[in-house]
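Chains A and B supply the protein sequences, listed in that same order.
For the first sequence, the working numbering gives the first residue as 1, with consecutive numbering after it.
For the second sequence, the working numbering gives the first residue as 1001, with consecutive numbering after it.
Take the hints with a grain of salt, since some may be wrong.
[Claimed, not checked] Chain A side only, calculated, beta carbon under 7 Å to chain B, not exhaustive:
#, residue
1, S47
2, S52
3, T74
4, P85
5, L200
Treat the hints as calculated values from the structure; they're not laboratory data.
From the three backbone atoms N, C-alpha and C, an ideal C-beta is built for every residue, glycine too.
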Amino acid sequence: MSDPVAEHQLVVDGSWSVGGKPHGGYLLRSAVELALDGDHPHPMAVSAHYVSSPDGAPAQVSVQRVRTGRRVATSHVRLSQAGEPRVDVLLSAGRWTPQEQPYWSGPGGPPDLPPIGQCPRVPSLGPTGRTVGYFDHVDVRLDPATSRWAVGDPQGTAEVRGWMRRDDGADAGPLDLLVFCDAMPPVTFDLGLMGWVPTLELTVHVRALPAPGWLRVVQRARLLQDGWLDEECEVWDSQHRLVAQARQLAGYRLD
Amino acid sequence: MITTRIELADTWAYGAADVLPGDWLMDTLAGAALGHTAHPHPVAVSAHVGSAPRTGAGEVTVVVLLTCRTLPGPHREAS
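Isolated chain A (complex conformation) (with noise of 0.2 Å):
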């Protein structure tokens, strides 16, 4: 049986917007951080379906949990404005042992990237002309051989790599990692295709607590095909441990 629904307001912050619209990543942690508790205080899974556009403007969460377990509680969350859903999370939360160490990963590690001195800081007014917000919250350093496309010359990869942190220099926390897997610009930039993608479907494993310091990210994408493309987003810390991993689908247009 599940709990009653509790209900939450929420004022969304439009400086994190990307052409005044909220940043997914940003609407996904607000959300989620209003159905943890103290025994299930990390989020583990996220999936968020992004059922239409936000507005920086006051919101409604409702929290529904579907099942408190020893080690994982599952809950229903919904953000809606007037009435309106925008985003529908399922959401599994449990503990994660802090500097947990693993018991096995497979190949390859961290992405091998400059010395942040040597990776500008991506600004808040882009170079299709959009203010984009969350530039102003997170502090993204790109590789610059991932971000040739700001320079009008996309090397046609797919594929960003930098380091990453919170503007206000405080260490991430977990819900941080829910933000920053979105945080990326888009992939489809290196293509040359410099227009909106907009966010469909997000998922993000939490796979552990990030150790203090600085992050490292590579976003890349599979497929792009029939208006649509994924994009797969690793997050490492500075132990060189994987402490995130997203997929997300989101479309494009070639106009």
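Starting from the known structure of chain A, fit chain B onto it as the hints suggest.
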């Protein structure tokens, strides 16, 4: 919101506890949702398994949040 009663058949179950596989259940649930929209194909499906599904009587609740054609691609064409 539309709630439908269904029978979860044991031909797909495994183990002594008659647990149903998650992929079969996703197929069943997504099929039920598509039956209430004009969109024929699943595009993105997310499932969190709250507890082990077992054979027997069940209920499927479908809530259509939005039907639109604002994004490209035939999967989201409205009728």
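Checklist entry - Does A:P85 pass the interface hint, meaning its C-beta sits closer than 7 Å to a C-beta of chain B? => result Holds. Min distance 5 Å.
Item to check | A:L200 as an interface hint toward chain B, with CB separation required under 7 Å | outcome: holds, 6 Å
Item to check | Status of the hint placing A:S52 at chain B (closest C-beta pair under 7 Å) | outcome: holds, 6 Å
Item to check | Status of the A:S47 interface restraint (C-beta, 7 Å, chain B) | outcome: Hint holds; A:S47 Cβ to chain B Cβ min 3 Å, cut 7 Å.
Item to check | Status of the A:T74 interface restraint (C-beta, 7 Å, chain B) | outcome: holds, 5 Å
Violated hints for the displayed structure: none, as all numbered hints are satisfied.
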